[in-house]
Amino acid sequence: MTLDTVTRAADQPDAPQPFAELGLKPDEYEQIRDILGRRPTASELAMYSVMWSEHCSYKSSKVHLRQFGAKAPESEALLVGIGENAGVVDIGDNWAVTFKVESHNHPSFVEPYQGAATGIGGIVRDIIAMGARPLAVMDPLRFGAADHPDTARVLPGVVSGIGGYGNRLGLPNIGGEVVFDSSYQGNPLVNALCVGAMRHEDIHLASAKGVGNQVILYGARTGGDGIGGVSVLASETFSDTGPAKRPSVQVGDPFMEKLLIECTLEVLAAGLVEGIQDLGGAGISCATSELASNGDGGMQVWLDRVPLRDDTLTPEEILMSESQERMCAVVTPEHVDDFLAICRKWDVEATVIGEVTDSGRLTVDWHGEQVVDVPPRTVAHDCPIYDRPMVVPSYLAALNANDPADLARPKTADEIASTLLVLIATPNLAAKYWITDQYDRYVRGNTVLAQPEDSGMIRVDEQSGLGVAISTDCNGRFAKLDPYIGAKLALAESYRNVAVTGARPLAVTNCLNFGSPEDPEVMWQFERAVAGLADGCLELGVPVTGGNVSLYNSTADVAIHPTPVVGVLGVIDDVDRRTPISWAADGELIYVLGDTDDEFGGSEWAHAVHDHLGGLPPKVDLAREALLADVLIAGSRDGMLSAAHDVSDGGIAVALTEMAIHADVGARTWIPDGIDPFVFLFSESAGRAIVVVPRSEELRFTDMCAARRLPATRIGVVDSGLGGDQGKPDHQFLQIDNVYGESATIALADLVAANMATLPALFAD
Amino acid sequence: MAWWDLQAGDRRLRDMAKIVVDVMPKTEILDPQGRAVQGALARQGLDGVHDVRQGKRFEILLDGDLDLEQMEQLHQLAEELLSNPVIEDYELRVVDEGGIAS
Amino acid sequence: MAWWDLQAGDRRLRDMAKIVVDVMPKTEILDPQGRAVQGALARQGLDGVHDVRQGKRFEILLDGDLDLEQMEQLHQLAEELLSNPVIEDYELRVVDEGGIAS
Amino acid sequence: MTTRIGVITFPGSLDDADSARAVTLAGAEAVPLWHGDESLPEVDAIVIPGGFSYGDYLRCGAIARFAPIMTEVVRAADRGLPVLGICNGFQVLCEAHLLPGALAINEGRHFVCRDEELIVENTQTAWTSGFAQEQHIVIPLKNGEGRYVADAKTLAELESQGRVVVRYAENPNGSNNNIAGITNARGNVVGLMPHPEHAVESLTGPSLDGLTFFTSVLADTHVSA
Ligand SMILES: Nc1ncnc2c1ncn2[C@@H]1O[C@H](COP(=O)(O)OP(=O)(O)O)[C@@H](O)[C@H]1O
Ligand SMILES: [Mg+2]
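Chains as they are written, first to last, in this note's numbering: chain A, 1 to 765; chain B, 1001 to 1102; chain C, 2001 to 2102; chain D, 3001 to 3225.
Calculated from the structure, these hints are not laboratory results. In this text the structure is predicted, and so the values were computed from the model without any measurement. Beta carbons are placed, not taken as given, at the ideal position from N, Cα and C, and that holds for glycine. Any given hint might turn out to be false.
Below, a sample of chain C positions facing chain B; criterion: calculated Cβ distance under 10 Å [to be verified]: (1) D2022; (2) V2023; (3) A2040; (4) G2045; (5) D2047; (6) V2049; (7) V2052; (8) R2053; (9) Q2054; (10) F2058; (11) L2062; (12) L2068; (13) Q2076; (14) L2077.
Throw the hints in and build the complete structure from the sequences for me.
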């Protein structure tokens, strides 16, 4: 086959090109011809097609994502904002942290193990590319019905892929989510978060500045796997027979990535790097065009120098390949030798493939012939932007009208007890140890909190104890009922989960998982969710620092629940004062903070007991969330709290049960007068947490709540002596008094058994 | 003692079929395991190692004689369960005896 | 295109040797992977599965023709590096062509 | 003079920084050792940390065993230098034949990370002299190939010579005789699957029990001599 050079493209303007197969629309193809003033070469077409894919260009979401910038709260903490590989926030003492969450949904459905593994690999490289040492990972996951056969295929593969990659990288897994809902049946969501830290002066950006500087590609060789994989795969809907483009899957090499981490940190520390970029979706096309576009604007690349795993690859394939574990650095000529020497030390292959120029063009040669000559901005940043039609979903009115108030509720203490036993064992609320035990949470020795805590917490500075806490949350059912409120509720829950540990929420990342943007109802959901999140962040004063959009999560016209996963990062000046989830000692007092209303729309109770989804989600009051957070943080700082746990799925009953289970100590609790026991125990009103206060601190704490006008209601006392057999774990009880005139008393052992049995029964083989 | 060590005269052996399924990574797919072995072999002084690929080997022992239907079923399971056609190829064969485990 | 796809007449292929090393868990050692596969095969409706063992397969491609010394070296590496004699047995053979990857 | 304890880093080692931290907390000086080194600096003991040396794609420890520095480690161990192999380090020691047996894939096939209760059965080794006989300790376990296997003769020998150093209170992975860690005949080389270096601070570990491994070696005659 003749090489399609720039000259040839000019000479043969009418040669037919397979733009449609590459996912480009006719008008997009015309736009490329307009930009270039001629038809693109095969290589140029390859670059534009991957870079203009939905996954890489955000062409359907950009118009809405601008809200994050437009509504951004003032924040001094934000050192690097949206648009870079990951946002960077100042946490004090000259420390900066960077964190981001990304989706690997489509690849994980095709090949659960490798899809999830390479998802971890990709997000970790984003963090390294900022100049940070990766510190920990998290994995928000969503699957179809727990008992569906395909979930038994996907979940174990995803989990071992995340563990297999993360464990081999030596990054502790400090949290995540596991949610089951049949809306994710054909579209499991595999999101991955990484957090890293660096000194302020070590922050690096993806830009190619300085004419004459060298562009070095280092890491794994480029192969033919995953050509156009992530970008194309994530930019179209799966048909019901399965994904159309099956072979676009890559295999990860976590060992190579571990070497990349150490090697990259060493070249950065040695001051050898001017600009740096990871290779993810769209591979070399993305890295070179973004580096050039962000820098002095010109770059010459000699593509035939790229080390290949398969020497039959064409230039187009090399440009599009999404082979994993590669990075690209811009290095001054005098530093090249030192850079290569450090790579050799780590056994990492490194090759100079290009040079920064002042041509304003990205030019690529293949064995002496020019195959690409484009303005880099047009590839990397100036993609077409769509303001797609939106319409209020036709299902919405009926869904909102289907009020859960009509569902049969438990009416006696016995029924309350059995409802709790059912809820604590549902796949969504059951213990996740079958999953989390497959993840290393200890490595690096700085994990202060991990599962089953509300947030993961990592010590950043071993001397001072400065640390960060992170939580990711989203209730897709709430978002289905009202995407605007649902997004705010996701933010509220994540914010609260950070605050209960004693950390001050500082910044937000997100992963917006939705159906097809070509469906106006989905587009409406998307816009509403973005608006809710942007408004919420403004109200709470926490900026969005970055995120990821995953569209086309629908199978045969069935879209997933809108799932805007929100990650909140908080800072704590001394991790030693973290507030854990489990209470410590007999006699400690149990308080619920916040108000409980009759709110069951989208609740776990309605879902698990009645298979019901309808009505409205709980109200959200972000001023109240901020107040609650202030109290939780002050309580931690002043040593007034021995434990705290946010109240969300399953309500107060489930929160209390989790605290008792993790402490292995029972409690005597009661329903306050004036509220229906069922509502009090199972409603999912937002803005609430349970705190445990040592008796010596009670007055000080309740005074603080009163002064700040935060409702605080005493509802119990930690008591290992119920039933008389003090101290024996197998003789502990959770007792709830004042339940329809009776007491509901459940052996802790029964709750533990119910909570532990579910996941192993479903997935252990 | 394993079944395949049984004397040829053993009754049980007569009614058993042994199937070997080899599953190898597709050539276009990265094979980090093979690469690691290749490096190790070279470091151990083996010259001229051009390529190494590492895959899986399954030895399946079935009761009774194989019929065509079972063979089809086995092929299907080899493709869907033992391998992942997205990244691996398999080869299935019925062997008379042996097997390497001892 | 991988080396094993090359036409029989290809020059490169003529000067290469392909060695297959199969490594299987010793029969007296519990093989949890084989056991899991056995369970899965049975659940998929395969009848009469008597035993399954899962091991590793290495396909090594060496430049040039094999001599005796190299064969000895290969055996030693198979025993010391590719397998662990405490828990595994290996079998090494030189094959003419083929290999299953395509 | 402070005791100097070498901590080896292979490509793919993960808990090397943690082992160094444990050494420091125990009051010794951690000396970084590199897999490619062909000689050992002056050290009083050596820790081979956890991780996935060279990726461990083939079999855990199989490739690390041939690293240049291992020749020196084997020589030093034969001379009586205390050597502790943790997790991947234990696997490397078995592959290098400094300890008998092998570590196979967990019976449950999955990676397992959890706090494990162990019983200390040999307090005569360089690394366990600070424990009481039969002391129950809790330290994290995290591995995918941690099932200790050896033939009947080796097991009998280990048992009769009291060379089982730590045993699981409850077997997590199908290890023969519930073995979590063993020693060589001389008692200077110890390997165990659980991670003492992750139980050295109350903030980050389930207990402080792990620290005793590192303080024990400071009192070892070879080290203090
Ligand atoms: N996929 C996962 N990976 C790691 N940790 C997880 C995962 N799923 C859940 N967890 C952890 O298990 C605990 C319970 O999860 P969950 O009930 O979803 O918490 P919450 O209600 O606070 O959001 C948390 O500590 C969470 O971080
Ligand atoms: Mg929570």
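message: Hint C/Q2054 vs chain B: min CB-CB distance below 10 Å?
response: holds (5 Å)
task: With chain B as the partner, please determine if C/F2058 meets the hint condition of a C-beta pair closer than 10 Å.
output: holds (5 Å)
- prompt: Should the interface hint for C/V2052 be scored as holding, given a Cβ-Cβ cut-off of 10 Å against chain B?
  reply: Given a least distance of 5 Å, the restraint on C/V2052 holds.
message: For the restraint on C/Q2076, tell me whether the closest CB of chain B is nearer than 10 Å.
response: Where the cut-off is 10 Å and the nearest Cβ of chain B is about 9 Å from C/Q2076, the hint holds.
Chain B contact restraint on C/D2022 - CB to CB distance below 10 Å: Holds, because the Cβ-Cβ distance from C/D2022 to chain B comes to roughly 5 Å (cut-off 10 Å).
- prompt: Holds or violated: is the Cβ of C/V2049 closer than 10 Å to a Cβ in chain B?
  reply: With a minimum Cβ separation of about 6 Å from chain B (threshold 10 Å), the hint on C/V2049 holds.
query: Under the criterion of a CB-CB separation shorter than 10 Å, is C/L2062 in contact with chain B as hinted?
result: holds (5 Å)
- prompt: Does C/L2077 meet its interface restraint, that is, does its C-beta lie within less than 10 Å of any C-beta in chain B?
  reply: Where the cut-off is 10 Å and the nearest Cβ of chain B is about 6 Å from C/L2077, the hint holds.
- request: Using 10 Å as the Cβ threshold, decide whether C/L2068 counts as touching chain B.
  value: Since the shortest Cβ distance to chain B is 15 Å, the answer is violated.
field: Minimum beta-carbon distance criterion (10 Å), C/D2047 to chain B
entry: Holds: closest Cβ of chain B sits about 8 Å from C/D2047, inside 10 Å.
- prompt: Should the interface hint for C/R2053 be scored as holding, given a Cβ-Cβ cut-off of 10 Å against chain B?
  reply: Check passed: Cβ of C/R2053 comes within 5 Å of chain B, closer than 10 Å.
Hint check: 10 Å Cβ-Cβ cutoff, C/A2040 to chain B: Holds, about 6 Å.
Of the numbered hints stated above, the single one contradicted by the structure is hint 12.
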